[in-house]
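Novice: Which chain is which? The protein sequence lines are A and X, in order. Counting from 0, one number per residue, gives the positions in the first sequence under numbering that gives the first Met the number 0. Counting from 0, one number per residue, gives the positions in the second sequence under numbering that gives the first Met the number 0.
None of these hints come from the bench; they were simulated from the model. It cannot be assumed that every hint is accurate.
Below are the DSS-like pairs computed for lysine-lysine, each with C-alpha atoms no more than 25 Å apart in a straight line [as the list claims (entries may be wrong)]:
| hint | chain 1 | residue 1 | chain 2 | residue 2 |
| --- | --- | --- | --- | --- |
| 1 | X | K66 | X | K384 |
| 2 | X | K358 | A | K52 |
| 3 | X | K222 | X | K358 |
| 4 | X | K403 | A | K63 |
| 5 | X | K114 | X | K403 |
| 6 | X | K222 | A | K73 |
| 7 | X | K201 | A | K71 |
| 8 | A | K63 | A | K73 |
| 9 | X | K358 | X | K114 |
| 10 | A | K52 | X | K201 |
| 11 | X | K403 | A | K89 |
| 12 | A | K66 | X | K358 |
| 13 | X | K403 | A | K71 |
| 14 | X | K384 | A | K63 |
| 15 | X | K114 | X | K222 |
| 16 | A | K52 | A | K73 |
| 17 | A | K71 | X | K66 |
| 18 | A | K89 | X | K384 |
| 19 | X | K384 | A | K98 |
| 20 | X | K107 | X | K403 |
| 21 | X | K66 | X | K201 |
| 22 | X | K302 | A | K66 |
| 23 | A | K52 | X | K114 |
| 24 | X | K302 | A | K63 |
| 25 | X | K66 | X | K302 |
| 26 | A | K66 | X | K403 |
| 27 | X | K358 | X | K201 |
Quick list of simulated restraints, FRET-style, between CB atoms [to be verified]:
| hint | chain 1 | residue 1 | chain 2 | residue 2 | range |
| --- | --- | --- | --- | --- | --- |
| 28 | X | D141 | A | A191 | 39 to 49 Å |
| 29 | X | G196 | A | Q69 | 41 to 51 Å |
| 30 | A | K66 | X | D141 | 56 to 66 Å |
| 31 | A | P70 | X | P76 | 33 to 43 Å |
| 32 | X | D141 | A | N109 | 24 to 34 Å |
| 33 | X | T204 | A | N109 | 24 to 34 Å |
| 34 | A | G202 | X | G74 | 40 to 50 Å |
| 35 | X | T204 | A | P70 | 50 to 60 Å |
| 36 | A | K1 | X | G74 | 44 to 54 Å |
| 37 | A | K66 | X | G53 | 15 to 25 Å |
Covered stretches of chain X (in silico footprint by chain A; criterion: 3 or more residues with CB under 8 Å from a CB of chain A, positions within the stretch not fixed) [said to hold, decoys possible]:
| hint | segment |
| --- | --- |
| 38 | 28 to 40 |
| 39 | 77 to 86 |
| 40 | 141 to 148 |
Backbone N, C-alpha and C fix where the C-beta goes; we use that ideal spot for every residue, glycine too.
What follows is the residue order along each chain.
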Amino acid sequence: MKHKTFFWFFLPTALAMFLFIALPLTSIVSQSLHTPHDAVLVVVESCDPFGCKSETTIDHEASKQIKEEQPKGKWVGFAIYTDRNHLAFKEVGELWENKTNLIDFVSGLNNLPFYRAMGFTITFVLVVTPLVILFGLIIALAVNSLHRHLKGLMVFFSLLPMIVTPLVGSLILFWMIDSRGIIGSGLQELFADPNLSLKASTGLTWITLIVYGVWHSAPFAFIVFYAGLQTVPQETIEAAMIDGASRLQQTYHVVVPHLSPLVAFVALIQLMDNFRVFEPIVGFSASAHATSLSWIIWNDIGQEIRLMSSAATTSVLTIIGVIILLMPVLIRTWREFNPQK
Amino acid sequence: MFLKKVATVVALTTLASSAWAGCGISEGRVSIVGNEFPAIQTIGAGAMECAGDGVTVETNLTADHQKINLPGMTGNPAEFTSAIVANSSIVALMNNDVIRPLNDLVEKHGQGLQKSQLVTIDGNIMGIAFMANAQHLTYRSDILDQLGIAVPTTYEEMLAAAGAIRSSGLMRNPVGGAYAAGWNLAEEFVNMYIGHGGEFFKPGTAEIAVNNQHGYDTLNMMKQLSHFMNPDYLTHDSNATSAEWKAGNVALMNMWGSRIGALRGDEVDAAVVAATATAGPMTVGGGSTAASTLWWDGFTVAKNISDADAEATFMALMHAIRPEMLNETTAPQAVWLIDGYEPTPAAAGVFAAAAMGTKPYPMLPYAGLMHSAAGTELVDFMQGKENAEQALAGLEAAYTTAAKEKGYL
Chain A
0 MKHKTFFWFF
10 LPTALAMFLF
20 IALPLTSIVS
30 QSLHTPHDAV
40 LVVVESCDPF
50 GCKSETTIDH
60 EASKQIKEEQ
70 PKGKWVGFAI
80 YTDRNHLAFK
90 EVGELWENKT
100 NLIDFVSGLN
110 NLPFYRAMGF
120 TITFVLVVTP
130 LVILFGLIIA
140 LAVNSLHRHL
150 KGLMVFFSLL
160 PMIVTPLVGS
170 LILFWMIDSR
180 GIIGSGLQEL
190 FADPNLSLKA
200 STGLTWITLI
210 VYGVWHSAPF
220 AFIVFYAGLQ
230 TVPQETIEAA
240 MIDGASRLQQ
250 TYHVVVPHLS
260 PLVAFVALIQ
270 LMDNFRVFEP
280 IVGFSASAHA
290 TSLSWIIWND
300 IGQEIRLMSS
310 AATTSVLTII
320 GVIILLMPVL
330 IRTWREFNPQ
340 K
Chain X
0 MFLKKVATVV
10 ALTTLASSAW
20 AGCGISEGRV
30 SIVGNEFPAI
40 QTIGAGAMEC
50 AGDGVTVETN
60 LTADHQKINL
70 PGMTGNPAEF
80 TSAIVANSSI
90 VALMNNDVIR
100 PLNDLVEKHG
110 QGLQKSQLVT
120 IDGNIMGIAF
130 MANAQHLTYR
140 SDILDQLGIA
150 VPTTYEEMLA
160 AAGAIRSSGL
170 MRNPVGGAYA
180 AGWNLAEEFV
190 NMYIGHGGEF
200 FKPGTAEIAV
210 NNQHGYDTLN
220 MMKQLSHFMN
230 PDYLTHDSNA
240 TSAEWKAGNV
250 ALMNMWGSRI
260 GALRGDEVDA
270 AVVAATATAG
280 PMTVGGGSTA
290 ASTLWWDGFT
300 VAKNISDADA
310 EATFMALMHA
320 IRPEMLNETT
330 APQAVWLIDG
340 YEPTPAAAGV
350 FAAAAMGTKP
360 YPMLPYAGLM
370 HSAAGTELVD
380 FMQGKENAEQ
390 ALAGLEAAYT
400 TAAKEKGYL
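Whole structure, please, built from the sequences with the hints as guidance.
Specialist: Structure representation (structure tokens):
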């Protein structure tokens, strides 16, 4: 295509990307490098239904003036990136120097909010992504082998977990796994342990969140692989059958290699999505046991006193994390489409 | 005779409808954001009565009001014209200068207000309080009578009572507590710490000072109480704790006075309703300060709105808190700071709290940061993953980082 044609074809998308991706990115990077100005405090008389007393409060006149002079806030550079709520260079350094063994160091790291969130997020990504691909493939192969009258119905039911809004789905599951809910009390009966509670243990909560993550995302992998299965070349399958290959061997040697570009595609999307895990943590009220980067951002903005610079910094770190995570897949895709001459 | 009757009926209807429409407001937009417990629902309904020609009234009452009130009032014009707040949530609005002083509106329309209802900062009336609230003891009188246990007045007695109830086999987890990680857990910490006589900040500064013996005693008491709670307590907020009570699974809890009425709902077992009893807040560690905090709830008016909207909002809310709104349904919902309020049995706990000299929640600009830090840093201690000193050191570090970022340190 001529470059000029491509330019005009691409212009609407480029404009949308500029407005909705580039500008917000610049904004949060800028916000992460600034903090609110130092508060000007003043002690005044304050009265409420319970009496009067001297109370510290903010001097709005003085604050307004400082804000008008420097609307973006106080420049702090990378100070927020390295503070305790984020990369915590000072605290990690202290932990490393004072550590007695590696286990101590790791549990000390677990106390720092960013590293604790990273721990769960990385675990979630590394466990859910392969499981989603595996289950998606199994479900696709199963549905593909059904009688054609049943196929449509089964495709519909297999897609349902993805269609249910994540928050609603996780809330429903949350009530079911409560120790008085149907799954919770069922498990208590099964393991004959009246104190068993999925919500009270960190390990079990992580497992619950991972199970929910796989349940919710498997339909996406399923539908992509199902579409791919429709394009498997029948001649190769027939040739394999004639050569005496069993169903399993046919699947392993013909179908799966044929689907491998789709596996790369699903892996890419899943890595990105799972790194941003958020709804299950809110739906399951699991923040006592598991936090994620997206949850930290939401928590910072949702406090009584909002920490905007902190949230912006965590957002930038999330983007950097996604880029790092996607590097291998991106390099591989680049190589496929630009083979070395 | 017949004509006379008709004429009277017509006259009465016209009078009623004209009194009904407008509350004396000519035009304006009123949009209220607040919490969702019954007393606030009543205020919202009262304000909605003023809707009519030229006046629109909307309410958004949700448990997540603190997440949306500030963003909703920051824009110009603001989305919300009024936020119903309490001692802690008004600070976030004041810090960001999104509420306006009400001195002139009070002079013009606030004749029925009592002086104690005015929340003033440096002479500016920033809010009008209409109810008081506090967390206090709620107990099942039938269970305590059956086992011959006296009503606990201290937390130590509450622990003993819980142990007795558990050993009797009547209830497995007799204590209820809104210990959900986040705001609720932090609120319980604040209450218990005040009960132990602790101060949160070094006087006159924003430097936090909770890593001390009072802090350790507070955390240890909370841990002991949690042993008698439903193991999922870190996911239970006030609504979930109330649900446990209504299901008959809890015999002792420290609950908000404003939520006691809802415990006696129609769907609750009659025996549980009859046995739901309240008492004042408990003390702890042999101290005389109640391990609780006094709260007021009131309304504020946004700054970034037109003066007409501000006046309409003020008048609509004054209509909602007028003395005539007190009736059989609304009176027990809260300790109303309204002229002519007669205390109902449901209010006994909050009155006892006020009589004990319970301290009000601190209205400092940086108290919210301490509250948020407590909500996240104390969870590990409650789960037994770290000891009290590590938890409090973590709390102080988290608070200091946030306070430095917001410019208080």
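Novice: Evaluate each hint against the coordinates.
Specialist: Against the structure, the hints come out as follows:
Taken as a hint, the K66 of chain X and K384 of chain X pair is broken in the structure, with Cα atoms around 30 Å apart against an allowance of 25 Å. At roughly 12 Å between alpha-carbon atoms, K358 of chain X and K52 of chain A fall within 25 Å of each other, so this suggested pair holds. As the CA atoms of K222 of chain X and K358 of chain X are separated by approximately 23 Å, the hinted pair is consistent with the 25 Å bound. With a C-alpha separation of about 19 Å, the suggested pair K403 of chain X and K63 of chain A falls inside the 25 Å cut-off, and the hint holds.
For the proposed pair K114 of chain X and K403 of chain X, the alpha carbon gap of about 37 Å is over 25 Å, so the pair is violated. Between K222 of chain X and K73 of chain A the CA atoms are separated by roughly 41 Å; this puts the pair beyond 25 Å, and the hint is violated. Restraint check for K201 of chain X and K71 of chain A: the C-alpha separation of about 31 Å exceeds 25 Å, so the hint is violated. Restraint check for K63 of chain A and K73 of chain A: the C-alpha separation of about 14 Å stays at or below 25 Å, so the hint holds.
Straight-line distance between C-alpha atoms of K358 of chain X and K114 of chain X comes to about 20 Å, which keeps the hinted pair within the 25 Å bound. A hinted pair counts as satisfied when its Cα atoms are at most 25 Å apart, and K52 of chain A with K201 of chain X qualifies at roughly 17 Å. Proposed proximity of K403 of chain X and K89 of chain A is supported: the alpha carbons are some 15 Å apart, at most 25 Å. In summary, the hint linking K66 of chain A to K358 of chain X is not supported, as the alpha carbons are separated by about 35 Å, beyond the 25 Å threshold.
For the hint pairing K403 of chain X with K71 of chain A, the CA-to-CA distance comes to about 17 Å; that is within 25 Å, so the pair holds. With a C-alpha separation of about 44 Å, the suggested pair K384 of chain X and K63 of chain A falls outside the 25 Å cut-off, and the hint is violated. Only pairs whose Cα atoms come within 25 Å are accepted, and K114 of chain X paired with K222 of chain X is rejected, the gap being roughly 41 Å. For the suggested pair K52 of chain A and K73 of chain A, the alpha carbons sit about 32 Å apart, so the restraint of at most 25 Å is broken.
Distance hint between K71 of chain A and K66 of chain X is fulfilled; the C-alpha atoms sit about 23 Å from each other, no more than 25 Å. Note on K89 of chain A and K384 of chain X: the hinted pairing holds, with a Cα-Cα distance of about 23 Å set against a maximum of 25 Å. With a C-alpha separation of about 18 Å, the suggested pair K384 of chain X and K98 of chain A falls inside the 25 Å cut-off, and the hint holds. Annotation: proposed proximity of K107 of chain X to K403 of chain X is violated, straight-line Cα distance about 42 Å (limit 25 Å).
At roughly 29 Å between alpha-carbon atoms, K66 of chain X and K201 of chain X are farther apart than 25 Å, so this suggested pair is violated. Between K302 of chain X and K66 of chain A, the direct Cα distance comes to roughly 18 Å. Compliance with the 25 Å bound is thereby established for this hinted pair. Of the supplied pair hints, the one linking K52 of chain A and K114 of chain X holds, its CA atoms being roughly 15 Å apart against a limit of 25 Å. A distance of roughly 14 Å separates the Cα atoms of K302 of chain X and K63 of chain A; the hinted pair therefore holds under the 25 Å criterion.
As the CA atoms of K66 of chain X and K302 of chain X are separated by approximately 18 Å, the hinted pair is consistent with the 25 Å bound. Distance hint between K66 of chain A and K403 of chain X is fulfilled; the C-alpha atoms sit about 17 Å from each other, no more than 25 Å. Annotation: proposed proximity of K358 of chain X to K201 of chain X holds, straight-line Cα distance about 18 Å (limit 25 Å). For the hinted restraint 39 to 49 Å between D141 of chain X and A191 of chain A, the CB-CB distance of approximately 31 Å leaves it violated.
Between G196 of chain X and Q69 of chain A the CB atoms are about 42 Å apart, so this pair conforms to the stated range of 41 to 51 Å. Distance hint for K66 of chain A and D141 of chain X: a CB-CB separation of about 59 Å, consistent with the stated range 56 to 66 Å. For the pair P70 of chain A and P76 of chain X, the supplied restraint of 33 to 43 Å is violated, since their beta-carbon distance comes to about 20 Å. The hinted window of 24 to 34 Å between D141 of chain X and N109 of chain A is violated, with their beta carbons roughly 45 Å apart.
Evaluation of the 24 to 34 Å hint for T204 of chain X and N109 of chain A yields a pass: the beta carbon distance comes to about 31 Å. A C-beta distance of roughly 44 Å is found between G202 of chain A and G74 of chain X, which places it inside the suggested range of 40 to 50 Å. A hinted range of 50 to 60 Å for the beta carbons of T204 of chain X and P70 of chain A is inconsistent with their spacing of about 28 Å. The supplied range of 44 to 54 Å is met by K1 of chain A and G74 of chain X, whose beta-carbon atoms lie about 46 Å from each other.
Checked against the hint of 15 to 25 Å, the C-beta distance between K66 of chain A and G53 of chain X comes to roughly 36 Å, which is inconsistent with it. A stretch counts as covered by a chain when three or more of its residues have a beta carbon under 8 Å from one of that chain; for the segment 28 to 40 of chain X and chain A the count is 0, and the coverage is violated. Only when three residues or more bring their CB closer than 8 Å to a CB of chain A does the claim for the segment 77 to 86 of chain X stand; here the count is 1, and the claim is violated. Counting residues of the segment 141 to 148 of chain X whose beta carbon lies closer than 8 Å to any beta carbon of chain A gives 0, which falls short of the minimum of three for the stated coverage.
Checked against the numbered hints given earlier, this structure breaks hints 1, 5, 6, 7, 12, 14, 15, 16, 20, 21, 28, 31, 32, 35, 37, 38, 39 and 40; the rest are met.
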